[in-house]
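Novice: The chain contents come next:
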Amino acid sequence: MLERPTCLLSIIIFLPSVFAILSLLLPMQKEWIRNLILFSSSLCSLLLALFLWNIFDVKNSGFQFSEFHEWIPKWGIAYAIGVDSISLLMVLMTAIVAFIAFLSTSYNCHNHDHDHDHDHDHNHNHPLPAIKYASAFYALILFLQTALYGTFLATDLFLFYFFWEIALIPMLFIIGIWGGSKRLKVTIKFFIYTLFGSLFMLIAIIALVAIHKENTGVLSAQYNILKQGQLAAYFDGSSPMAALSSPQLWLFLAFTLAFIIKIPIVPFHTWQPDIYEESPLLGAIFISALLAKMGTYGLLRFSIGLFAEVSNYISPLMCILGIVSILYGALCAWSQISMKRVIAYSSISHAGYILVGLFTLNAIGMTGGLYQMFNHALLVTGMFLMASYLFERVHTDNIREMGGLAKIIPLHSLALFILLLSLIALPGTNSFVGEFSILVGTFNMNIRMAPLLAFFVALGGIFSALYAFRFYHLIMFGAIYKKEKHKEHREPFLAFDLKIKEVLVMGIIALFILGLGIYPDLFFAKTKISITTKVMR
Amino acid sequence: MNAFFQIQLLSAFLFFVGLLVVLLKRNIIIVLMGIELMLNAINLSFVVFSKQNYQIEGQLGVLFIIVIAAAESAIGLSILINFYRNFGVTKTSVANTLKG
Amino acid sequence: MNELQSLQTSLQTSFLPFWIILLPLIGLIINAVITPLIFRGVHNHLHKTKVIFAGSVATLVIFISFLLSCYAYFILSSNSSAIKSPSYLWPNIDTLKISFQLVIDKLSIILCLVVTAVGSLIHLYSIGYMGKDDGVVRYFVFLNLFCFSMLLLIIGNSLPLMFFGWEGVGLCSYLLIGFWYTDKEKLQNATKAFIMNRIGDIGLLLAMVLIFKSIGTLEISNINQIISTYQSTYQNTYQNIQQITQQTLDSQTITIICLLLFVGAIGKSAQIPLYTWLPDAMSGPTPVSALIHAATMVTAGVYMIVRFSPLYQASPTAMAVIATIGAGTALFAATIAIAQNDIKKVLAYSTISQLGFMFLACGVGAYTAAIFHLLTHAFFKALLFLGAGSVIHACQGEQDMQKFGGLRKYLPHTFVTMMIGSFAISGLPLFSGFFSKDEILFSVLALPYGGSGLYLIATITAFLTAIYTARLISMTFLGEERFTVMVRKYLHESPSVMLVPLYVLAFLATIGGIFGLHHFLVPNNYSEIVIFSKLPEIGIHLPLTEREVMISSAFISIVGFILGLTLFRTKTKESKSIRKIFKIPLSIQRVLENKYYVDEIYDYILVRPLRLFAYHCSIFVEQYVFDLVIVLLQRVIFSLGKKLRTLQSGDVQMYLLFFLLGITSFLFLALNFKG
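Protein chains in written order, with numbering that gives the first Met the number 0: chain A, 0 to 536; chain B, 0 to 99; chain C, 0 to 674.
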């Protein structure tokens with residue numbers, strides 16, 4: 000086989016940037032050039048990720064393929080990247096989601112404003128909407144990919160923070176320029192809210208490096224080195240007052256705040272539904288499937304990884320927070336009118352599951368949380384694609400105005416149904432594997448209220464079924480005709496069923512959902528090693 | 000207090016008068032005159048220092064300042080002409096387009 | 000241990016269980032993929048061909064499954080005790096190991112036979128019943144999916160596998176109840192069924208998790224083995240168990256596990272308090288009601304409890320709870336069934352009542368009797384439902400019994416078969432229901448876990464069963480004709496494809512008594528998979544002997560049946576309401592007719608507040624609670640900025656002043672801090 004290439008990870012990180020620059024430089028009159036660049040970029044990323052997957056050594060639980068270059072030695076910052084099995088799953092997830100998203104990219108790059116008035120009397124195949132400055136759009140998306148890969152692969156804390164912040168900038172532009180009608184206000188809120196959390200994380204990183212320097216005399220922001228630091232001495236969990244005065248708790252809280260705002264988790268979630276509603280399709284996919292997982296990845300790697308004692312102490316609280324997210328997100332999703340807001344609140348609900356899973360602090364629960372990260376990324380990609388296809392057909396985001404579509408677009412309804420099965424975690428779908436592991440992990444926690452927590456986690460299954468079925472019934476079932484208030488007679492929908500490309504994309508997602516439900520090890524075999532060793536600490 | 004100090008005091012006084020003119024007067028021409036006053040007060044101060052410390056550099060400084068002041072008043076007056084052309088008056092209060 | 004060792008050799012490993020499950024899956028894939036391709040863009044003249052093709056494929060695969068199950072039956076009854084499939088280890092997560100293995104033992108083969116036999120008959124029936132429907136291919140796909148899930152539930156050997164089938168049948172139930180999806184009410188009923196199922200599933204999930212924590216494994220055979228050895232040899236194995244699990248396995252834990260499992264069974268098998276979905280599930284097509292909500296899916300709860308009988312034998316508390324709820328539900332549902340006017344709702348409540356009987360049998364320890372009753376109930380209930388479907392089909396979709404009457408003349412075959420079915424369910428002597436019900440009644444009386452109180456309730460319920468079934472027959476087939484002229488014009492007997500299953504089921508309902516399973520499911524027969532503990536000793540001091548019980552129950556059922564037939568037979572055009580017959584006040588009749596208003600109570604206490612809460616969360620809480628800090632912050636910063644803006648007055652001289660002040664202070668500070 001090929002010998003292990005040493006800069007594979009850097010190539011993975013920076014390849015999308017290369018393609019981005021290419022897309023900015025090449026002539027953009029021909030749409031096929033642009034599509035070709037996008038497709039080849041996502042294909043290359045996917046192939047590289049799969050290659051990495053293949054040659055990853057399952058027995059080794061540390062960081063592999065690491066690279067180390069001094070960057071700012073005066074502050075102990077280096078360009079250090081490496082992959083362990085958790086990062087591996089995240090990289091693979093990013094590659095797959097980007098691939099699927101780019102496959103469907105000719106459609107709906109432009110979020111339809113509500114002031115468009117499409118005639119529905121004629122022409123099923125209205126021409127695809129074109130977007131302005133398309134090359135800039137795709138370049139921004141590719142830069143975003145670089146930032147994502149960088150976040151998942153960085154082993155230097157400051158490098159992680161660097162890529163974390165860089166991911167925000169393309170997002171700002173993508174939503175701010177190509178978004179819906181209320182985009183500016185919403186983008187600013189998102190940007191500032193997230194930045195607020197990240198600021199605390201920066202302070203915590205600096206403090207961490209300083210404390211470490213004080214303790215051991217080594218100035219470094221490397222994850223491995225900091226992990227072995229003497230932070231344990233700084234946490235006293237004997238009483239709440241002592242806990243509150245120990246620095247480890249505050250560092251943990253600073254990190255966790257940044258991640259929780261990003262995911263998002265109740266109560267820091269109010270930026271999210273508006274953003275999901277106003278994003279263009281690709282932006283929505285990236286922010287919900289990938290940027291959110293940056294937050295959960297950060298929780299796993301840094302909050303739990305670096306601060307084990309505090310995690311132990313505070314895990315019941317975090318589990319309760321996760322449960323509140325699950326139930327509150329599901330309840331809110333039950334009452335929403337806009338398709339995208341339903342998806343937004345259901346994302347909050349699923350993020351709650353992941354949070355609970357991660358903070359069970361045993362191998363089964365944490366593995367379940369990791370699985371759910373991947374599953375949810377796929378699921379929400381599919382949901383946003385579905386929402387955008389539906390919008391193309393019926394030109395409205397309001398699910399109360401739809402109805403009876405299953406008769407007209409049966410393939411569509413089948414695809415949406417499979418997605419909803421994954422949402423409610425029916426056995427046989429990938430979500431069930433994750434959620435069941437999370438449930439087992441919750442019950443196995445060594446605290447007194449573990450059964451109560453497990454009860455509430457199981458209760459989430461009911462609420463998610465409630466909103467999922469309402470969603471499906473209002474869109475696909477019921478009376479066929481479109482309800483228009485100001486017209487005397489009612490007009491039927493003239494919606495066309497899924498096209499070949501859409502079938503392909505949805506088919507891939509459905510295959511993942513059902514296939515991973517039956518054989519999870521297809522993707523998850525190599526990801527378990529780091530979690531089990533992490534927990535054994 | 001000796002004579003040098005008294006002249007320094009005069010120079011400072013002239014400087015502050017010029018400053019007040021610049022800050023408080025409403026006519027731009029008067030403001031320009033105030034700037035000239037400030038510059039000349041500094042000139043006086045330089046000369047006195049040169050005399051006080053037995054060095055010639057102060058007076059060289061005065062030469063520099065006189066030249067620069069001349070150039071600066073030329074530019075200032077052309078700006079004033081342009082200002083008058085744009086706004087029609089030479090009041091300072093009409094130049095408020097940077098108002099937030 | 001010797002018995003177990005000798006039995007090891009008689010266990011077979013083969014792919015037979017795989018094929019039994021795989022066949023419905025193949026049928027479903029063919030109907031989902033190939034049939035639409037073949038009949039693309041079909042018009043009316045090819046519709047019939049499509050129906051016959053799809054229906055035949057679906058029926059054939061189930062029938063072949065049935066044949067394979069018969070083959071398995073013969074293997075089992077001859078020498079071996081179980082047929083195992085090869086085991087595939089699902090990927091494990093740390094200590095959570097789940098294996099994919101299918102096991103057919105003597106308990107599961109009975110249910111397999113029931114599901115496949117009744118299933119193939121109902122598939123055949125559906126070809127006629129659903130023949131004119133547009134979505135008929137989809138219907139057969141869902142039916143096959145259901146059979147696949149049900150079989151997986153039955154023969155899966157690990158709890159998650161059983162849960163796979165459990166949720167799968169719940170899903171199919173939802174899909175089939177809401178089959179005609181343009182009607183909002185049917186959709187609501189479908190959602191209700193699924194949600195109530197899921198509420199029960201919380202119990203099942205928690206039970207699984209608790210089992211994993213305390214027993215350490217999720218394989219059903221291992222669980223039963225551990226529990227039964229725990230029971231018999233307390234000392235030695237108890238220490239072994241303690242080593243591998245994190246929680247001590249004491250009787251309290253076992254009781255909690257049993258109760259949680261029972262919660263799951265309550266949801267699936269429609270007992271109090273999670274039964275209200277079953278009558279509403281009647282909005283699905285009638286063959287669906289026959290298969291899913293009478294014969295098979297709802298019995299999954301009973302099956303699960305019998306499966307875990309070693310667990311339940313170790314927990315008398317749980318058994319008492321089961322018996323009480325079973326008996327209570329049986330009586331409760333029977334009282335409602337008397338007052339219902341919709342023919343399918345009568346049968347639905349009848350199903351709930353009979354399921355209560357089965358749970359009562361489990362609760363007193365008579366597991367064999369429960370399974371026997373499950374078997375006979377599948378026959379006669381499916382028969383009754385299919386017959387009702389025949390009547391509905393003939394009357395152009397009319398379901399209200401007050402608009403039937405005197406149909407005996409027009410639907411002779413249906414009448415005969417339904418009479419046989421009603422004899423069976425009432426427990427008239429020598430029909431199948433008589434034997435199974437009698438066994439339950441005797442066990443309730445005789446076993447130490449039972450008692451006279453439960454026996455009394457069961458007997459009253461049996462009496463009511465006879466009455467309401469006879470009422471159904473009388474109002475539908477006998478007496479004066481009460482249907483409209485339009486219906487009269489199109490009244491015809493069902494086609495033979497619908498009548499054949501009726502007659503087959505009638506035959507089975509008649510002779511079903513000979514399947515008395517004592518020869519098969521002998522309690523002493525220790526199989527590795529299902530270990531029926533020795534049934535407790537029959538109490539010596541009994542109020543009645545077995546013969547007396549048999550005679551009295553026969554007497555009660557005959558009396559009840561004749562009473563029901565005569566009381567409700569009409570000589571005039573108006574049907575008789577129970578108020579007039581039993582001289583009860585109108586209010587009580589209303590209460591019974593409206594199912595004790597339980598649905599409305601649930602609606603007002605649970606559903607509406609939750610909905611309101613969700614609505615308020617999404618509008619009020621979102622805007623004013625979580626966003627509050629953000630909005631306040633924004634307002635503060637904005638007003639601060641507004642005030643600071645006045646500094647930017649546009650006056651250059653003001654700027655100069657600030658500039659000077661700044662420079663001065665800077666110089667001041669710099670000069671002062673120089674040292």
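Certain hints may be false.
As the list claims (entries may be wrong) - Straight line, CA to CA, 20 Å or less: simulated DMTMM-like cross-link-like pairs of lysine to aspartate or glutamate:
#	chain 1	residue 1	chain 2	residue 2
1	A	K184	C	E621
2	B	K24	B	E35
3	B	K24	C	D650
4	A	K406	C	D133
5	A	K181	C	E621
Hints in this document: simulated from the structure, not taken from any laboratory. Values in this document were obtained by computation on a predicted structure and should not be read as measured data.
Novice: Next step is simple, just say for each hint if it's right about the structure.
Specialist: Hint check:
no., hint, in the structure
1, K184(A) with E621(C), "holds (17 Å)"
2, K24(B) with E35(B), "holds (14 Å)"
3, K24(B) with D650(C), "holds (12 Å)"
4, K406(A) with D133(C), "holds (10 Å)"
5, K181(A) with E621(C), "holds (18 Å)"
In this structure, none of the earlier numbered hints is contradicted; all agree with it.
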